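Please dock the two separately framed chains into a single complex, following the hints provided.
Chain order of the listed sequences is X and U.
Just so we're aligned, residue 1 is where the first sequence starts under the working numbering, counting upward by one.
Just so we're aligned, residue 392 is where the second sequence starts under the working numbering, counting upward by one.
Derived from the structure by calculation, the hints contain no laboratory data.
Some hints could be false.
Computed footprint of chain X on chain U; a stretch qualifies when at least three of its residues, placed anywhere within it, have a C-beta under 8 angstroms from a C-beta of chain X [claimed, not checked]:
hint : stretch
1    : 734-745
2    : 778-785
Quick list of the computed label-pair ranges, beta carbon to beta carbon [as the list claims (entries may be wrong)]:
hint : chain 1 : residue 1 : chain 2 : residue 2 : range
3    : U       : 413       : X       : 23        : 33 to 41 angstroms
4    : X       : 301       : U       : 558       : 30 to 38 angstroms
5    : X       : 69        : U       : 505       : 53 to 61 angstroms
6    : X       : 87        : U       : 696       : 55 to 63 angstroms
7    : U       : 761       : X       : 94        : 25 to 33 angstroms
8    : X       : 94        : U       : 801       : 28 to 36 angstroms
9    : X       : 276       : U       : 761       : 17 to 25 angstroms
10   : X       : 32        : U       : 558       : 45 to 53 angstroms
11   : X       : 32        : U       : 697       : 48 to 56 angstroms
12   : U       : 697       : X       : 69        : 52 to 60 angstroms
13   : X       : 221       : U       : 528       : 52 to 60 angstroms
14   : U       : 813       : X       : 248       : 58 to 66 angstroms
Quantities reported herein were computed from a predicted structural model and do not represent experimental measurements.
No residue lacks a Cβ here, since even glycine has one placed at the ideal position from N, Cα and C.
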Amino acid sequence: MTEVTAPRPWGRQVLAALLRRASARLGLAWIGFLVLIAIFAPLLANTHPLYMVVDGQASSPALARLEALDWLWMGGFGLALVLRLVPGPFVKRFGLWLLGLAGTAALAYGLAAPQTLTVYERYRELEASGRIEALVRAPIPYSPKDYLRDFGDTGIEAPLAASGRTHWLGTEENGADVASRMIHATRVALGIGFIATGIAIVIGIVVGGLMGYFSGVVDMIGMRLVEIFEAIPTLFLLLTFVAFFGRSIYMMMVIIGITSWSGYARFVRAEFLKLRDQDFVQAAVACGLPLPSILFRHMLPNGLAPLLVAASFGVASAILAEATLSFLGLGLVDDPSWGQMLNQAVQSSSFNWWLAVFPGGAIFLTVFAYNLVGEALRDAVDPHTQRGGAA
Amino acid sequence: MAKLLEIDGLVTELGNGRDWVRAVAGVSLVVQRGETVCLVGESGSGKSVTALSVMGLLPRGRFRHPQGRIRLHAERADGTQEGGEALDLLGADAATLTRIRGARIGMIFQEPMTSLNPVMTIGEQLGEVLQLHRPELSDAARAARVVAALEEVRIPDAVQRAKEYPHRLSGGQRQRVMIAMALICEPALLIADEPTTALDVTVQAEILRLMRELQTRRGMGMLFITHDFGVVAQIADTVGVMQKGALVECGPVAAVLHAPQHPYTRSLIAALPEHLPRGARTPGGGDTLLALEDLAVHFPVRRGLLRRVVDHFRAVDGVSLEVRAGEVLALVGESGCGKTTLGRALLRLIEPTAGRVVLQGQDITRHSSRALRPLRRQMQVVFQDPGSSLNPRLPIVTTLVEPMRVHGIGRDDAERRARAAELLARVEMPPDSLWRYPHEFSGGQRQRLAIARALVLEPRFIVCDEVTSALDVSVQAGILKLLRRLVDEQRLGILFITHNIGVVAYLSDRVCVMQSGRVVEQGATDEVLQRPRHAYTQVLLAAVPRLEPGAAP
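If we strip away everything but chain U, and leave its shape as in the complex, we get (with noise of 0.2 angstroms):
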């Protein structure tokens, strides 16, 4: 194999003039030509700054480089030449960065829904690419370029899908787009940041394959960033851990994922939730907390002059479970299956259109709001989004006693407070915490504060949605620890929303399986994710990306 790419000491360091960050740390590795090499790190590692610098796509004048080159072999035009001299990237002005943008090097980015230009057609978009790298092609040649492009990457009726605006397509869709037009000018390297985290994991795994496809037919080299341990393991040939800006190690993909030697990415892979090791569980034999029974949410849809309801989407459409004390029920599914609006509704967020929700023995599904109000007690939530969920402007020792007040927790503020400084303690923040606006925290302390808040009530329910999807692996070790402690400790009940199966492994007792609106599957975790029955089970759990081939989680 030929050298395709060398990255050698690549120093990169951000700021705004005068203050510089060092984000980048002398990395240097070389993407051969067919090959993959994936750059993993947690967030702030410094992965994606290094794909930038490769590109020259950092915000002008907020970086510089004092080390390093970056050097790409082969600037022909048909790419599968091997060419005399290296283009040094790093010292390349303007006009042959854009001249190699798009032409010799493509880039695919993580979040397909605002990668595309929602007023050009996908047509017009891929035609721009080759108007600029290939002037000399006539309309018609670019047209069926772009057909073909298009079909390359199985989108289907390409034809008429060129004419179409990107709203049309599925997040899936606008991701295959999206190589289609990094692929159109058949570029030597492929740069890829994160370019399947955005999507459910039977999407995901169908992009992988993709594109594994295409690199090797065209024999592209491909530097592809990503969090994912399970993806490495599919796509990488060569793998390379980055921590605070260095690359740590790298080495075959065999080697690194089996037999790791740096001690940062050991503790990395043993933070897999598939890896945290289980305790031994009590079968579930407490008292139901809450049921639900066949309980629907339909949103209407409205058309025309009027705004007539002219049909219902069945958001959840019929789902009956319950959950136990000291039992944690997780709920599975791909986005859009309903498994947030269900988490919402039975907390009375969303008012459900049919069904009951019955709290301890009481039904709760007409209540009045004012009637809720106490009941809001014995159930709790935490949302997804470390960013948001706790209020900006209020110190976390409001956000903590507001709601104890309330609902008469304590007899004065005072107590209030040695309760929350109590709670803190129990997730496990210094107490000091207590008198700090929440953007002094990084999302994991975030997250547990808002665990916090959701036990300051002392509730024996509480939904968690999606909790540590936004978190790093070591980070999210530590949330599902916690909340599992939680629950066996003081046998709460936690209904934990989740897409990921890992997660699901390690924290749950027992699994739901939503498609559509509807529940598919139900069961014990382990005879759920060991003997699947029904078919869709049999696909996402088929298409989660795993560390051993075909080894059961």
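Only chain X is shown next, with the shape it has when bound in the complex (with noise of 0.2 angstroms):
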């Protein structure tokens, strides 16, 4: 049988429509540079040099001290490139992608054994004793956990002002470098606004797909269940969390998903119950389909485009709640965030504007982008706003 080129799909019709709207293009090349920033994290702020040579030994001991964590964001990235290259339909090779990148996880925390102790003034001490034949540093040479003891109490310092030093965001409470710690920091806010909304998003659309498609008692539980978890209030099981399991960056992506899902859930039951009176639903019912091909072949693709607006919103608040929640002093202990960085700059007797300006402008700009990116998304994906006169 002769294969005729596909039309273009869906996806790609909306993806076209997106990337006509300045926002959009705007609020997805700030999300862009976030995730590269994020992906090469220790490798453009680093204490630990990426390329050394010390009494003729070469050594790289960024890449030694690589964690798992990072093999694992570099390796997903690795993925990703390596599977635009196959082709097939999106979904499969996102299935693809994830298996690959739990394989990656595996690997990563079973291989990776870095060394824990870090002795961070090592390479400055080797550098002023004149050992080093050859040095290539990451562009910001300070790890986010390097509190520079071996230059004394420096404590906090305004951007550039430091002698001998180059901060150029400035130094937080402890002396850590603040640029460093951002560029870490972008981790967990893209990872805590993607986990948490995608919990969301498979639950809600398993609770309500099966609203919306079997209605009657199964679709009354599941709104009460859905009310229940609209009453309760995310911040303050956070917080009662914290309090009892102390504080975990993963435990607060389970909450914030775990709670933030009957939104969608909602959304999914709206278009389920439309979608289930269409005629198309009704005769692949007719034709004996099982019911999951009715469910997620025939009728969620055909629901999903108000979800993905949901959701781009979602991420942005899930970022807000972590935000708060460090900001409050309740996030995490010793790794960066920019939440926990905006509390630094109101802590001290003077006020820090240097430790609000900059996280709290990453925040800003970072819910920003992605609301752009909801808001075209809401446009590309409505009918009504496309170009008409086509059928």
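Rendered as structure tokens:
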């Protein structure tokens, strides 16, 4: 049989309509920029040199000290690049990517074992002693947890105020470089946004889909469940969990995820209620197709549009929730996060503007970018705003 | 007679500012006072755009008129007197058009369900028109005029109705209100865009009679747009046939309908189902494929805080019928009579309340959905709306192959694809349709693809639910011929749900007439259509608009 080239799929059309809008391009560009920064954070801001030759021995301390999580981020990026070349529908490739990511995670956590004791001062001592023959440092030569103890009691310093060192964005209360911490904090912001929203969407699709398809009693129970979850104050629950179980970024993701699915469930339910009476769904039932096929192949792709829009706003609100928690001093202990830096801006006796402006600006821009994308996506999937007269 | 509306070489182009599509390409016609001019044509022929051009109601910035003139004579308020100068509607400014619309030209739209504002009472909506065009009237006089207008279109209990909201009215009554609204300022010209298309035939007959009557009484000119030649025969004095934006034939109604000059007009009239040549039918002697025994579907009516079931709506109320191999059983009835519910209930898409569905001797009424799945192969369905009957996100090949895979037809996907291509040939579609998406096809083509989807599982029995209602007559003719061929060649059994008597006459072997959930008459098609016994069947048949008045179908 002759293979006639398939026409432009719907996803491609939406993407094209999305990219036609300047606001969406701007938002996507910022998010893409953050993603790249997050992936290559350990190569962008690190006290460990990328490459050095000491006493005739070449080594790369930065690579040697990459942690499992670093490998996971970079592995995910590499996989995405490879899978771009693989033909096949997007869903299948996305599934492959997730599978590959799980494999990379298993490998990374199984194999990567960096030294736990890190002495950042070593490199500066080596450099001072003149034993280093060749040296390539990261653009920002400070790790996020490098508190610069060898420089004495440093503490908070304004941008470019320290002598002998260059801190473009200043240092925070422990003396660590703010630019470095901000770079490493993009991972927290992006991770929490995507994973929390991902969890919420999966739960929302399953619950909402069942409610919409079966309606009746299932719908009634589901709606009560939705109402219960809508009544739970996310922030309060997070505070409670932090108080009982300590601080963990993963717990935060899960809690934000399982408290914010109700909105998605409502969207999916409404779409499915509408789709269930559509003739092509009835015809699928009449053909005797199995339920998963009807739900996920015939109904879900047709009801995905409002979900995508809601998701982009959901990512923004998850980022804000994490920032709020960190600002309240209940976020991560030692790991960098934008909200936590905001907190430090007001903690000491003076107002440290660089700790408010840069992380605050990053949060603002990121949330704004997601909102721009969401707004543009809403227009792109809306048939009324697309060019008419094609039919 | 005096000229009322003069359309002279009208060209209307629609577009987005860069690309323009010519929707009306040089139409000239004249509406005289007291005359009804019908514009007939298939969808996309430009008949509605012509009407909207006259009203100046096309979307702002999306249209232009490179050529042509539209002139309205008699601009005077009293309307009866011949005005001196004619008004050029295309060149008129917005203020003039606002003054003209409603006052000098009334308009009625197709969809009575959405043409009235649901949050305003009927009296308020009618009063608003009066307030705008006749501001000198006092409140009391205005209210009196509203009631009089409603009485004129024979809305019972008009005083009370004026205080009610549109949702309390039936479709036919809403269309009467729309007519009252269009006529309340006594316009000289009434433009009606498919005003009866959404209505049942009996209601349509009443509305047409009412419009005719009001027109003669007031001496209005009427520009009536329709796709139905039966309606044309009923109401028109002059008829214009449109094709692709051009007026291909225009003349007195009798001449155009009975001695059409243009080949397109001839082909349109020949495509009417009552004119399609019927082959010789072998009397249905096949075995029974499907039998319904006292089938009932009741929907609970819930009221009050606790949503207690207070009553049941009997959508289908004890229907018994059977469909044999190699025959088409037509199920006829007006909207709301339960025919679609019946079709869905016998496919078990809706759960029947009582009675039995027997498929080839096997009672499937109480089968679980799992037990039903293998049996689904034997009965399939084709729906009314070509826009929603195919999954817009899947290419045709997936839609056709998936059911085969589920039911284990064919060894592998390559064989299934080959079978799907074969099926496309059988429904007269090109084989490359397989790789395309539903939105790339026209309504008629989609309906053919939906039929292919139904045939893919080699069913013995197909439910066709108003499959041709949304299609143009020429397309409808093709689908009907295809269905008949499938029945004759493959001995399929078809339950054909429709409200169109002409289609019944062409296609079906036997007819079942339904009214309020019950079958009131059942028998051989010719028998029922020629000598209807039940009173309702007689009313229904009398209301069908026909080309020849009084002729049998």
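Has the hinted range 55 to 63 angstroms been met by the Cβ atoms of residue 87 of chain X and residue 696 of chain U? holds, 58 angstroms
Take a look at whether the Cβ-Cβ distance between residue 761 of chain U and residue 94 of chain X falls inside 25 to 33 angstroms. About 31 angstroms separates the Cβ atoms of residue 761 of chain U and residue 94 of chain X, which means 25 to 33 angstroms holds.
CB of residue 69 of chain X to CB of residue 505 of chain U, is that within 53 to 61 angstroms? Taking Cβ atoms as reference, residue 69 of chain X and residue 505 of chain U lie about 57 angstroms apart, which means the hint holds.
Take the stretch 734-745 of chain U, compare each residue's beta carbon with every beta carbon of chain X, and decide whether three or more fall closer than 8 angstroms. holds (count 3)
Supplied distance hint 58 to 66 angstroms, evaluated on CB atoms of residue 813 of chain U and residue 248 of chain X: Once the Cβ atoms are compared, 60 angstroms apart, the range 58 to 66 angstroms for residue 248 of chain X and residue 813 of chain U holds.
Could you say whether the range 48 to 56 angstroms given as a hint is met by the Cβ separation of residue 32 of chain X and residue 697 of chain U? With a Cβ separation near 54 angstroms, residue 32 of chain X and residue 697 of chain U satisfy 48 to 56 angstroms, so the hint holds.
Does the Cβ distance between residue 276 of chain X and residue 761 of chain U fall inside 17 to 25 angstroms? holds, 19 angstroms
28 to 36 angstroms was suggested as the range; check whether the CB atoms of residue 94 of chain X and residue 801 of chain U agree with it. holds, 29 angstroms
Is 33 to 41 angstroms respected by the C-beta to C-beta distance linking residue 413 of chain U and residue 23 of chain X? Holds - the Cβ-Cβ distance for residue 413 of chain U and residue 23 of chain X, about 36 angstroms, lies within 33 to 41 angstroms.
Within 52 to 60 angstroms: is that where the Cβ-Cβ distance between residue 697 of chain U and residue 69 of chain X falls? With a Cβ separation near 55 angstroms, residue 697 of chain U and residue 69 of chain X satisfy 52 to 60 angstroms, so the hint holds.
For the pair residue 221 of chain X and residue 528 of chain U, does the Cβ-Cβ distance stay inside 52 to 60 angstroms? holds, 58 angstroms
Can you let me know if the beta-carbon spacing of residue 301 of chain X and residue 558 of chain U is within 30 to 38 angstroms? Given a distance of about 35 angstroms, which is inside 30 to 38 angstroms, the answer is holds.
Taken one by one, the earlier hints all hold for this structure without exception.
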